[in-house]
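K.L.:
Sequences and hints are given; from them, build the entire structure.
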Amino acid sequence: MKRYSVFAIAREAMNYHLGWEKAWGNPEPKKDYDVIIVGAGGHGLATAYYLGKNHGIKNVAIIEKGWLGGGNTGRNTTIIRSNYLQDPSAAIYDKALKLYEGLSQDLNYNVMFSPRGLLMLAQTHHEVRGYLRTVHANMLQGVTTEYISPARVKELVPIINIDGPRYPVLGALYQPRGGTGRHDAVAWGYARACAAMGMDIIQQTEVTAVRSEAGVVKGVETSKGFIGCKKLGVVVAGHSGQLAEMGGFRLPIEAVALQALVSEPIKPCMDVVVMANTVHGYMSQSDKGEMVIGGGTDGFNNFTQRGSFHHVEETLRALIETFPMISRLKMLRQWGGIVDMTGDRSPIISKTPLGNCFFNCGWGTGGFKAIPGSGWAMAELMAKGEPGPLAEEFSMWRFKEGKFIDESVAAGVAH
Amino acid sequence: MSTRLQKGGRLIDRSRAATFTFNGKQLTGFAGDTLAAGLLANDQMLVGRSFKYHRPRGIVASGAEEPNALVNMGEGGRFEPNQRTTTTELFDGLTATSQNHWPSLEFDVGVVNNYAARFLPAGFYYKTFMFPRFAWKHVFEPVVRQSAGLGKVPQGPEVDRYEYAYAFCDLLIAGGGIAGLQAALVAGGAGKRVILVEQTPHWGGRAPVDGDVIDGISADEWVKKTVQALEKMSNVTMRLRCMAAGVYDHGYVLADEKVADHTPGDGRPRHRLWRIRAGKIIAATGAIERPLSFAGNDIPGVMLASAVRDYVVNYAVSPGDRTVIVTNNDDAYRTAIALKEAGLEVPVIVDARTNVTGDLPAKARAMGIRVEAGRAVVKVKGAKRVTGVAIGLQAGEGAVLEEIACDAVAMSGGWSPVVHLWSHCGGKLTWDDAQAHFRPDATRPPTNQDGAAMVATLGSANGQLSAAAALADVAAQLGGKAVTADTVHEAALEPVWIMPQGAGHKLKMKMFLDYQNDVKVSDVQLAAREGYTSVEHTKRYTTLGMATDQGKLSNINGLAVLAGALNDKIPNVGTTTFRPPYTPVPLGALAGESRGDIFQPLRKSPMHGWHEAHGAYMEPVGLWRRAYCYARGSETHEQAVQREILNARANVGMLDASTLGKIIVKGPDAGRFLDMLYTNVMSNLGIGKCRYGLMCNEQGFLSDDGVVIRLSDDSWLCHTTTGGADRIHAWMEDWLQCEWWDWKVYTANVTEEYAQIAVAGPNARMVLEKLGGMDVSKETLPFMSFADGTLGGLPVRVHRISFSGELSYEIATPAGHGLALWEALIEAGAEFGVMPYGTEAMHIMRAEKGFIMIGDETDGTVIPQDLNLGWAISKKKADYLGKRGQERTHLASPDRWKLAGFEALDGSVIPDGSYIIADGFNGNGQRNTQGRVTSTYYSPTLKKGIAMGLVKGGMDRLGDVVEFNTLTTATVKARVVDPVFYDKDGEKGNA
Amino acid sequence: MLILECPYCGVKADETELSPGYEAHLKRYGPGSSPEEFEAYMFARKNPKGVHFERWRHAYGCGKWFLAARCTATLEVFGTYPAQSGEPPAELQAKIKAKRPNWEGYK
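Protein chains in written order, with the working numbering: chain A, 1 to 415; chain B, 1 to 991; chain C, 1 to 107.
Mixed in with the good hints there might be a few duds.
[As the list claims (entries may be wrong)] Below are the DSS-like pairs computed for lysine-lysine, each with C-alpha atoms no more than 27 Å apart in a straight line:
| # | chain 1 | residue 1 | chain 2 | residue 2 |
| --- | --- | --- | --- | --- |
| 1 | A | 403 | B | 877 |
| 2 | B | 506 | A | 2 |
| 3 | B | 744 | C | 27 |
[Stated by the list, open to error] DEER-style ranges, computed between Cβ atoms:
| # | chain 1 | residue 1 | chain 2 | residue 2 | range |
| --- | --- | --- | --- | --- | --- |
| 4 | B | 107 | A | 1 | 39 to 45 Å |
| 5 | C | 94 | B | 623 | 41 to 47 Å |
| 6 | B | 475 | C | 101 | 35 to 41 Å |
The set of hints was computed from the structure by calculation and includes no laboratory data.
Where a beta carbon is used, it is the ideal one built from N, C-alpha and C, also for glycine.
P.N.:
Here it is, written out as structure tokens:
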């Protein structure tokens, strides 16, 4: 793999950029692999990358029904943070954040991680107490967060209205290390690095069945025929239920729509990410200048990647209350994704009833920020056959025991 | 130069001048102009700078597809960035400034990016800016952000208002061109409820500009006649300036009507958002002309051929004195003819086709226009304005045969149907080889709730590009009287995706696909070379089609170049997803009227106004607002809360408790039902008695609490928390309707029917006795009982229940009497020292008393057993909601954190939210914990900090000293104590 | 933006009038059930990409809960029926089978 750098660009510029090599190939599947990962989204690609990098397992195929990075990785609002309340969540999201901090250098691909700071507004007294709880928990988890005053909020976000008639801002949970990244670049950077290790990324190939013998996985049937493997990792977000069914078990997962939108681009006006959870809206400004906006999920099972518009209206009302100046900006584009919600809205990184078959799913509305940590933990689980400390609490059997990892308990949300 | 012609202009009113400014320069146009037409009439071709290279940008189009001519418009509360000049109606007093440049439009420093363009190909930022690590955030990103971003940032809040409108129809027709009008005429005539919307201020679409003849009369006359006929139909609703923005599932359509954009400040809402349910949707949305990809095709003065024609015919504006036409089809000849007829020069028509045979070329030739077949524009000359073109062979590599001076270029690469509305809900497309475009595949439409086709397309949007074909399409799909248009024979177009076809890299680096985002042919080819071969990858890697026009001009050309680079067919490459809205819609319009005070519905207790009038600081609790405290004079909130508590403890206080949920449960099986709902037994509660109860969800987690009273043999009234009323009522109905539907139980949520006032304190009884009307003595009305009667002549139900720990009466009265009762109590209580108290005093008093609060001690993961509430859990009931859940291993574990009280050794207030530290670290390096605080306050009664919390071991740890963390490295040492800090024996409440 | 016809009041209700309630025809497992049964009752959802039976409440209308058969991939609604139904009406099942021959049945 030729390294990317400013010198490489200068060199190629002299040759009309004809010399760049492919970031990844378009291979035909081999007969079998040590590991097959189903799903070439961020989580699947990161799993493959860390299998190679941390565990030396490079005979890997990543099979993707559509185009790599085309699911929720390519349609989220790109928020990265780790100010979670519960220990297992804070651990894996902070691992992810730490990896994000060096990811561009690690992958030699600029994922534009921008630690511009993230605010979660407290707009009720209940929310104030919830964030005070989070900030104390974060302190013990080694996650640096602060609880800040309305005046400081206004200083960080001059365009905010802290004196709204209905929900004045009472304070905020602030994570200076939080921010955003370029979602596509995360998938592409991992894909390029996987390809450079000799892994096969097989796009436009659908898995139609899981083949097993004596309760142990043997491979997958695909639209390009049978492909054998010693271990199978399924990382397919919204379609996890369908894959689990192929494996002969059920998951505590429901697929619902989550929507987002962007405005037309304007000059820089907001340097931090702001989440207003009482009124259900969050907003950041992309490097292109678009205001990137998200809100709540629909309440019914839906695989269409389209949502119900009244949620978008509710989100916009909330954000216009919070940022009155956006009223005359225009919605440029709206879209939806299929998010996989578990019983406690926390993910599953787990062995399954099927031998050598592992699932990573249930990231719901919050998956993008977890990608490196999720891949790291999943790779460890798959390589060793047992979860490490990062994945341990995210077993699919926790529901039977009632051992929830519930982030909604303080004023927190999973986005 | 571009200028106003002396004659013509079908849409302008020369008798009404409109004065406007552009970058401070005062200019004049006419009523009926678009802002773009007004600018061109004043020779203002240069209107902005592109996103990445800051190249000069001029007006390209005449409609919604315009990628370049976006301006900052208006001032103050009416300032709006990125306003599209081609769809903005000119009005007197309009102010506009150009965007994305510094210091000025003519001289922009950002243009250095242009000179460095060779080093800034698609995706260059993914390959660099990585070292040193901090540099992206601190050095590179700020530069990138400042250079991007287009329009300026609006400053103040909005001054205009918006509104929603709702409509229902059998047929929604989007597009008021001839196909849409004729469809409305047919469907309206058949008695269907029709809504016809058109995004521009004019009916008729392109047909009048093209000079079509319909039913023997001019298109203009036919449109006028048809509109008059439609206006007579009461079942047809017509809206101009109304853009169908998006089609959503089950026939839901959003349409954005620009009510007062052209008449700002006239008192009307600025936009009206139509929320329409349509039985069926017809997209008669026309087609958009494609640019051609030749070097320099972005230089101001290069325009779409159809746009040039629009400006000449509609606005009597000539974009140039000498306009070169470049085309691969016959339609562009209409532009040449229109220019010539307007007295302007057309030095040459450069036609990429080797054979040029149609009727229109024949007419052009007959008018003396030079036609060069098989030729290409090799490159356009000029910088901020076209000065000429270099011509060569289309089949060649770019050798220049001739240079021709001109000040405008009109290009046409063929037409693409506007398929957005068809595609929003998943309608599929098919590639039409003959016309070289994607059009709707009628066999794979988007479907509705019945699985039936939801959208159809008509006319140009369906690939029926000529007037005759479009009208025939209407007849074929909707029937009705045949309407015919005169047919003009047009020869086939020849797809041209790169001009000239063998152009080298140097030329391809100047062939723009996406004008706003500066995506060139070379960029798409680079993406393909690097493996970004999915159309979505190419789009995202190059940003093709991601600008504010969402690829209306660029997408098909980009796809074709990608297909070429991949050596594949265009339909195999496919399209990106079409997403709403069709053109950008103001966020304010989408939010509607709900802003400020009416942002969300406001629920008010009957005494709401009194609280506000008496200085209450209100806090939101769900949609309610409750008095947090009543500060007097210069008191802080904290001081007010302490005064209120001390007064209630010493004298008497009053709390507005009206927001508490009140649900009547009645029927032969009501007792049985409540025994399932609550963890304890409610069926054996005596009539006239009160009992505290807990409700859990099926997981076993505590979800709500409150006092239940028994009204009669078959009826109970359940009090819930303020936030729980609607949720618990729905929960009850869920079980009654979906699980135990054979049980005879009726529920009614009567929360808002009653006001409720807590009168608490040692003097409470005296206040009630002063009002008089019923016996409220300890003997007649003991603790945990209630009675109906009157107080001060008002009908009341008086409950002896206490959340403050004091002697307390909670008095309910029909909501209409609430304020009267409140004021009567205040008056009667004056001599006993009554003061109102707010929610914060209530919270602290209950904490002093060790009462749990839903939402403080509970968080959705706490079970009653954790809170030492085992006494409220029936051991003898076989079942209640949550019982099975609580039997799960983790919930039954002895290691759970349980409720206890805490007192800091130094008497301080333990920080809100803090955790109790345990020894060591877990596998992830996180400090171990063994509990946390759930309620922590300064108790004015006890003059020290008190707290409740959960700790491993709970009350077994009494006397232990534990350490709470703080937000510094310090910790707070606290002793585990009984959580009941005040009146441990309950003598006061029982008094 | 769904429309579902409330089988009680006959109103073709807009989604904004309704509250969703996820999977229908769940059998409740209370005390005495095995850990597996209880887990399945609480969490293991069918989540099909296709025909789905689900609960809705006409919350801002008549207040009644009802059940709907809806395709989660196309959002086609096959029919709605009262919540007081042990299983989908035979006629509805036949209708779905006719439209989706590969449908495996509601169980």
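K.L.:
Each hint should be assessed against the structure and marked as holding or not.
P.N.:
A quick look at each hint next to the structure:
no.	hint	result
1	A:403 - B:877	holds, 25 Å
2	B:506 - A:2	holds, 25 Å
3	B:744 - C:27	holds, 21 Å
4	B:107 - A:1: 39 to 45 Å	holds, 43 Å
5	C:94 - B:623: 41 to 47 Å	holds, 45 Å
6	B:475 - C:101: 35 to 41 Å	holds, 36 Å
The structure agrees with every numbered hint stated previously.
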